[in-house]
Amino acid sequence: MTSKNKSQSTDEMVSVERLIGRILQIGVFTSAIILALGLLLFLMNQTTGYPAGTHPKTLLAILQGAIAFKPYAIMMLGLFCLILTPVLRVVVSIYAFYKEEDHLYVVITVLVLIILLISFIIGYLGF
Amino acid sequence: MISTTLLLIAVGLFAGVAGAILGLGGGIIITPILTLAMGLDIKYAIGASIISVIATSSGSTVAYLRDEVLNLRVAMFLEIATTIGAILGALLTGVLNPSYLYVLFGLLLLFSCWNMIKKLRAGRELTTTVKSDKWAKKLDLNGSYFDKSELKNVDYEVTNVPGGFSMMFGAGFASGLLGIGSGAFKVMAMDTIMHMPLKPSSATSNLMMGVTAAASATVYFFNGSMLPQIAVPLALGILVGAVIGSRIMQVLPARVIRMIFVPVIFYVGLQMILKGFGVSFG
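So the protein lines, in turn, are chains F and C.
First residue of the first sequence? That's 0 in numbering that gives the first Met the number 0, and the numbers climb one at a time after it.
First residue of the second sequence? That's 0 in numbering that gives the first Met the number 0, and the numbers climb one at a time after it.
A few of these clues could be false.
In the DSS-like style, the derived pairs of lysine-lysine whose C-alpha atoms are separated by at most 25 Å in a straight line are [said to hold, decoys possible]:
1. Lys137(C) / Lys117(C)
2. Lys130(C) / Lys117(C)
3. Lys118(C) / Lys98(F)
4. Lys117(C) / Lys56(F)
5. Lys151(C) / Lys118(C)
6. Lys136(C) / Lys151(C)
7. Lys130(C) / Lys118(C)
8. Lys98(F) / Lys147(C)
9. Lys137(C) / Lys118(C)
Read the hints as simulated data drawn from the structure, not as lab findings.
Quick caveat: nothing in here was measured; it's all calculated off a predicted structure.
Working from the sequences, and respecting the hints, build out all of it.
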């Protein structure tokens, strides 16, 4: 990432970028751990927790199933977290540009986030 | 069940390494394996392939605490075009006849392939030959990265920003409508049209395709075409593969990456043209 900013020290920019890198790593690791846990339970118990050929599709059903330690619900929860990681990427980028006092890119990145949220709503409502 | 799971993890590992190096989603590797070799319905293969794209993107994002190769400004600016394109494409599914689009986008890829061969024949990777246009200056898109194979800092300028932006809209439109080829078109827009060096193009494409895929992933997640027993082992394999792949990418000479890229792009382009004429494989 190029540092456009002149008023702030490069050291501070580097630490902002490191913090962001750490947040992203935590997000991706968390998803991976949930995925791995679900897969292990599935393989060890040899059961999905659901009738054959079905899996939970709504967020409510997934959360309820995950609390009950049903393998498919935990696996779906992991997939959902993974889908959210690029969104996390966009959100922390807004913060990075804000810290760099790059207002043009704060606006551009917020715009990307809004378009993304619109697509999520379209997806959820199933147009 | 365990053998299928292990096979999917292995396929994911391979797709993750390849995808992170080239800046492509795993779709071109994963869809044929799932549909042809494992006999999975195409509907579920697309669901798995969307998750693969996100896993490749996120896996290569976390390989480094600070990614000094990707260009975040280029990514976010162009992301406006791809996400709007992706939504429009998804909404127009069933309205437009996809045959023409397959042929059109396939030809574009073959053209890009030809361009890449020209760059290969020109010898060394050229990075300092273009002058940035006024858009690149206004939007502060020029960048620099440390090339770990040449062991030096490379400053670069980007040009033809409106052309790249339009191509990105097309890339988003194609991935929303046809569900394939998003990474290939993104690399093409940056490398061929905007004259960005190949490594930042690939890394930036990697970040962008995750965001674009997230835009359409919820549709597949909630309509039930993401099968956990398929998508989860694939995603786990890809996450690990992409971390490895993005580390390999940084130390590989750009020329070698381009040499791998050419046949892959040729294959995808040919596949799309054939699909446009009604011949389908994978």
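message = So, against the hints stated earlier in the document, which numbers end up violated here?
response = 1, 3, 4, 8 and 9
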